[in-house]
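Chains as they are written, first to last, in numbering that gives the first Met the number 0: chain G, 0 to 450; chain C, 0 to 450.
In case anyone wonders, no lab produced these hints; they're calculated from the structure. Here the structure is a predicted model, which is why all the values come from computation and not from measurement. One thing to keep in mind: the hints can contain errors.
Pairs of lysine-lysine residues, derived as BS3-like cross-links and limited to a Cα-Cα distance of at most 25 Å, are as follows [claimed, not checked]: (1) G:LYS154 <-> C:LYS8; (2) C:LYS8 <-> G:LYS8; (3) C:LYS131 <-> C:LYS154.
Partial pick of chain C residues on the chain G-facing surface, computed with a CB cut under 10 Å [said to hold, decoys possible]: (4) ASP30; (5) LEU31; (6) HIS73; (7) SER116; (8) LYS131; (9) GLU134; (10) ALA415.
All C-beta atoms, glycine included, are put in the ideal place defined by N, C-alpha and C.
Take a look at the letters that make up each chain.
Protein chains: 2
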Amino acid sequence: MTRLKTGAKRPRVVIVGGGFAGIHAAQALADLDVDATVVDRRNHHLFQPLLYQVALAVLSPADIAEPIRSILRHQSNAEVLMDEVVGIDVNARYVTLASGAQVAYDYLALATGASHSYFGHNDWAPFAPGLKTIEDAIEIRRRVLLAFELAERHKVEHGWHPPLNFVVIGAGPTGVELAGAICDIAQLYMRHDFRHIDPTKARVLLLDGGPRVLAAYPEDLSAKAEETLKRLGVEVHTGMAVSGVGPGWVEANGQRIESAVTLWAAGVLASALGKMLGAPVDKRGCVLVDDRLNPPGLPEVFVLGDLAHFEQDGRQVPGVAQPAMQMGDHVAKMIAADLDGKTRPAFRYFDKGDMATIGRTDAVADVKWPFKAHMSGMPAWVTWLTVHIFFLIGFRNRVSVFMAWIWTYFTFTRSARLITGDQNLPGWREEVAAGPHGGAAREEEVARSVE
Amino acid sequence: MTRLKTGAKRPRVVIVGGGFAGIHAAQALADLDVDATVVDRRNHHLFQPLLYQVALAVLSPADIAEPIRSILRHQSNAEVLMDEVVGIDVNARYVTLASGAQVAYDYLALATGASHSYFGHNDWAPFAPGLKTIEDAIEIRRRVLLAFELAERHKVEHGWHPPLNFVVIGAGPTGVELAGAICDIAQLYMRHDFRHIDPTKARVLLLDGGPRVLAAYPEDLSAKAEETLKRLGVEVHTGMAVSGVGPGWVEANGQRIESAVTLWAAGVLASALGKMLGAPVDKRGCVLVDDRLNPPGLPEVFVLGDLAHFEQDGRQVPGVAQPAMQMGDHVAKMIAADLDGKTRPAFRYFDKGDMATIGRTDAVADVKWPFKAHMSGMPAWVTWLTVHIFFLIGFRNRVSVFMAWIWTYFTFTRSARLITGDQNLPGWREEVAAGPHGGAAREEEVARSVE
Numbered sequence: 000m001t002r003l004k005t006g007a008k009r010p011r012v013v014i015v016g017g018g019f020a021g022i023h024a025a026q027a028l029a030d031l032d033v034d035a036t037v038v039d040r041r042n043h044h045l046f047q048p049l050l051y052q053v054a055l056a057v058l059s060p061a062d063i064a065e066p067i068r069s070i071l072r073h074q075s076n077a078e079v080l081m082d083e084v085v086g087i088d089v090n091a092r093y094v095t096l097a098s099g100a101q102v103a104y105d106y107l108a109l110a111t112g113a114s115h116s117y118f119g120h121n122d123w124a125p126f127a128p129g130l131k132t133i134e135d136a137i138e139i140r141r142r143v144l145l146a147f148e149l150a151e152r153h154k155v156e157h158g159w160h161p162p163l164n165f166v167v168i169g170a171g172p173t174g175v176e177l178a179g180a181i182c183d184i185a186q187l188y189m190r191h192d193f194r195h196i197d198p199t200k201a202r203v204l205l206l207d208g209g210p211r212v213l214a215a216y217p218e219d220l221s222a223k224a225e226e227t228l229k230r231l232g233v234e235v236h237t238g239m240a241v242s243g244v245g246p247g248w249v250e251a252n253g254q255r256i257e258s259a260v261t262l263w264a265a266g267v268l269a270s271a272l273g274k275m276l277g278a279p280v281d282k283r284g285c286v287l288v289d290d291r292l293n294p295p296g297l298p299e300v301f302v303l304g305d306l307a308h309f310e311q312d313g314r315q316v317p318g319v320a321q322p323a324m325q326m327g328d329h330v331a332k333m334i335a336a337d338l339d340g341k342t343r344p345a346f347r348y349f350d351k352g353d354m355a356t357i358g359r360t361d362a363v364a365d366v367k368w369p370f371k372a373h374m375s376g377m378p379a380w381v382t383w384l385t386v387h388i389f390f391l392i393g394f395r396n397r398v399s400v401f402m403a404w405i406w407t408y409f410t411f412t413r414s415a416r417l418i419t420g421d422q423n424l425p426g427w428r429e430e431v432a433a434g435p436h437g438g439a440a441r442e443e444e445v446a447r448s449v450e
Numbered sequence: 000m001t002r003l004k005t006g007a008k009r010p011r012v013v014i015v016g017g018g019f020a021g022i023h024a025a026q027a028l029a030d031l032d033v034d035a036t037v038v039d040r041r042n043h044h045l046f047q048p049l050l051y052q053v054a055l056a057v058l059s060p061a062d063i064a065e066p067i068r069s070i071l072r073h074q075s076n077a078e079v080l081m082d083e084v085v086g087i088d089v090n091a092r093y094v095t096l097a098s099g100a101q102v103a104y105d106y107l108a109l110a111t112g113a114s115h116s117y118f119g120h121n122d123w124a125p126f127a128p129g130l131k132t133i134e135d136a137i138e139i140r141r142r143v144l145l146a147f148e149l150a151e152r153h154k155v156e157h158g159w160h161p162p163l164n165f166v167v168i169g170a171g172p173t174g175v176e177l178a179g180a181i182c183d184i185a186q187l188y189m190r191h192d193f194r195h196i197d198p199t200k201a202r203v204l205l206l207d208g209g210p211r212v213l214a215a216y217p218e219d220l221s222a223k224a225e226e227t228l229k230r231l232g233v234e235v236h237t238g239m240a241v242s243g244v245g246p247g248w249v250e251a252n253g254q255r256i257e258s259a260v261t262l263w264a265a266g267v268l269a270s271a272l273g274k275m276l277g278a279p280v281d282k283r284g285c286v287l288v289d290d291r292l293n294p295p296g297l298p299e300v301f302v303l304g305d306l307a308h309f310e311q312d313g314r315q316v317p318g319v320a321q322p323a324m325q326m327g328d329h330v331a332k333m334i335a336a337d338l339d340g341k342t343r344p345a346f347r348y349f350d351k352g353d354m355a356t357i358g359r360t361d362a363v364a365d366v367k368w369p370f371k372a373h374m375s376g377m378p379a380w381v382t383w384l385t386v387h388i389f390f391l392i393g394f395r396n397r398v399s400v401f402m403a404w405i406w407t408y409f410t411f412t413r414s415a416r417l418i419t420g421d422q423n424l425p426g427w428r429e430e431v432a433a434g435p436h437g438g439a440a441r442e443e444e445v446a447r448s449v450e
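Isolated chain G, as found in the complex (with noise of 0.2 Å):
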């Protein structure tokens, strides 16, 4: 039943994922006498490095993403299937769709990317949401929203409220933008929101396992990191070791700590498509590839993106959306090589450097390209933000995202700050019940207040 045949007029590439280096390797394709099939589970690309900025109530889901069919709409050699590959034939060649469809390839991009990993404790998820798709940032913004509203409906009721602790596990570049962004929040946006609680008295822990913060960055950068984060408000543990997570609490270096609202920045796992191949992949899942992309023995196979484990200069390169933009562009060189007969170029990555940010105005730069530096504070802060919008794909949301982040910066307000959906919390009630003084002061707070 492949009704997507190929072979008749002209090469076909499945692209399966629809992530910086799947559009890339699509939109590279245009000028190529090949048809391009891009499908994705979801119908549209997500532009991740600011997803952290619609989970903290900056910007909208829309402003970050753009449907697919969108972008590549004017590209007349290009389609889009919406709808999930749940098999590969590396032998008859074909990917098998959720709804049934077989879909025949002459190459095959994979890029279908990781998402978060707990270590083999997946009853921890309901938990601590981690950060990678539109409904996790959602949900992230409801959480941390939401323990605000609840923290004052419970000191109405009684007197006092649970404490408002924020806890991030995992001090990489996603776990320090998302302490920051929370201590923001509760020190400059909340502050004259509330009449009963103090949300400047709110606590945000960032616990990591290793050793200090921003683990992949040069030293000096995690040194500027932590003492930027711990000048907001942040509470840095490394070395803490999270053995548990449950409703309202994290149990960490054998100790138990309260938490209004968890969330996981930690493990990341890749898709489980790399394991279809039935080539070698590393222990998170990645497929080991070699300078041309392909798995062993798969020469019309690239792996692509956070997929891919591939090493240069002995180092294996990050997943991160630089290095999948290049490797998508490299895909159609390489097909483009095909195609005249010549050598396949072999794929460098070619590193510009790393950023994070930390709040309202820090960040902290490893620039490689076009000079080299490390930048931290207001100056890597501009950096990102130059850096970002103009990578941002779409002249209009680009516009957008700027004033939003304009109106945010000047006027201490986000404008983004809706609460969707369920309206309460894990561990929440429990946390009620037991309270800070145990349920007989429950008990007594009450009896009080009856006058």
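Please arrange chain C on chain G, whose structure you already have, making use of the hints.
Okay, now just chain C, sitting in the frame of chain G:
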């Protein structure tokens, strides 16, 4: 356990509901010597007249919603509780909240509005969502966009797809706006996006049990609206009483209509809080109020907005934004009169007219102030646009909404075309199994495609 006490210093006004009526009441109380408590189970005020634009992918939720706390953050005599009123004691004068707290009042303003009514058929709800909340709008957006995606996917797999019928039930302003906007999406915005299906072949059916669309408008404007709808491509079916709604179908006048997406814009039912008062209500549950907006015998209770049944010159004032805002303002005037020992002024609704948009460039407007006119076509649309931009609360929102419109208008793209959440439609699978030629045809299709 009444924690928020009253009588100590100055009167407490408890406002239930943060819609147009509630927000206007709270803001109008700013300079009075009272304390205002706004209770809403949502954290945001919603600019309801533009909600259909969220449902149809033009605007983002945050463009038309603002946290109630933000609106009132600098009004020192106002506080906001995100909670739900579950009981009212009109004798002891307090409301009970879902969290258990009891809030005493000297004045109570009930403004909890209305939601959709399925005329006793609540089992229709999963198959025909209505449009009252942000979540409703996101759900409608999801279904409408997903229908096109599923049709494309089905066409790829089977060579045909179930009919792309969109059935809108109810031809009031919301139904007319939804039907017109879906036609726009199919005819204009989706044009270049699909490679296998033809989105312009989608059918939009607008059903109403009554004899004409926009029944509350003057007859000439109803006729204009119907004419415009037909020109856009909407199939208008008046005199069609819906007797059943299920997964993938609607039954009206004994006829079964296949429907990929069904939307409900027919009945309205008042919030349950009206009945809690124990005062007389009309058949939709609206509380009968006199010209001081009081139910009989309860001078300290005001009922406002869609929840109120208020008659003027022998006609019931409609449940739209204008009277709600005026009622909210009027409550403050009456409380001010009480504080000054004067007689409360009577409420009189000042009707500036009504308008409804139809698609991208048309509208009908029954203007009553500052001049009297029946407008239609582009002039009515420009009037509609101007009025709605200036009514939107908050500077930032107004600008971003305006930009989104300009962008949509000139580029034929919709910026908020995200599908989030579940990736299926009720009834779609069943349709697939049956298909236009029945199950046997599908078997054959499958057999043919195995080559």
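Hint check:
Among the hinted pairs, LYS154 (chain G) with LYS8 (chain C) is consistent with the structure: their alpha-carbon atoms are about 21 Å apart, no more than 25 Å. Restraint check for LYS8 (chain C) and LYS8 (chain G): not satisfied, since their Cα atoms lie roughly 85 Å apart, outside the 25 Å limit. Taking the CA atoms of LYS131 (chain C) and LYS154 (chain C), the gap is near 34 Å; set against the 25 Å cutoff, the hint is violated. The restraint placing ASP30 (chain C) at the interface with chain G is violated, with a minimum CB-CB distance near 18 Å, outside the 10 Å limit.
With its C-beta approaching chain G no nearer than about 17 Å, LEU31 (chain C) sits outside the 10 Å limit, and its interface hint is violated. For HIS73 (chain C), the shortest C-beta to C-beta distance to chain G is roughly 6 Å, which falls under 10 Å, so the interface hint holds. Interface restraint check: SER116 (chain C) against chain G, minimum CB-CB distance 23 Å, threshold 10 Å, status violated. Look at LYS131 (chain C): its Cβ only gets to about 13 Å from chain G, farther than 10 Å, so that hint breaks.
At its closest, the beta carbon of GLU134 (chain C) sits 6 Å from a beta carbon of chain G; the interface hint therefore holds under the 10 Å criterion. For ALA415 (chain C), the interface hint holds, since its Cβ comes within 10 Å of a Cβ in chain G; the closest pair sits about 4 Å apart.
The structure fails hints 2, 3, 4, 5, 7, 8 (numbered hints given earlier, in ascending order).
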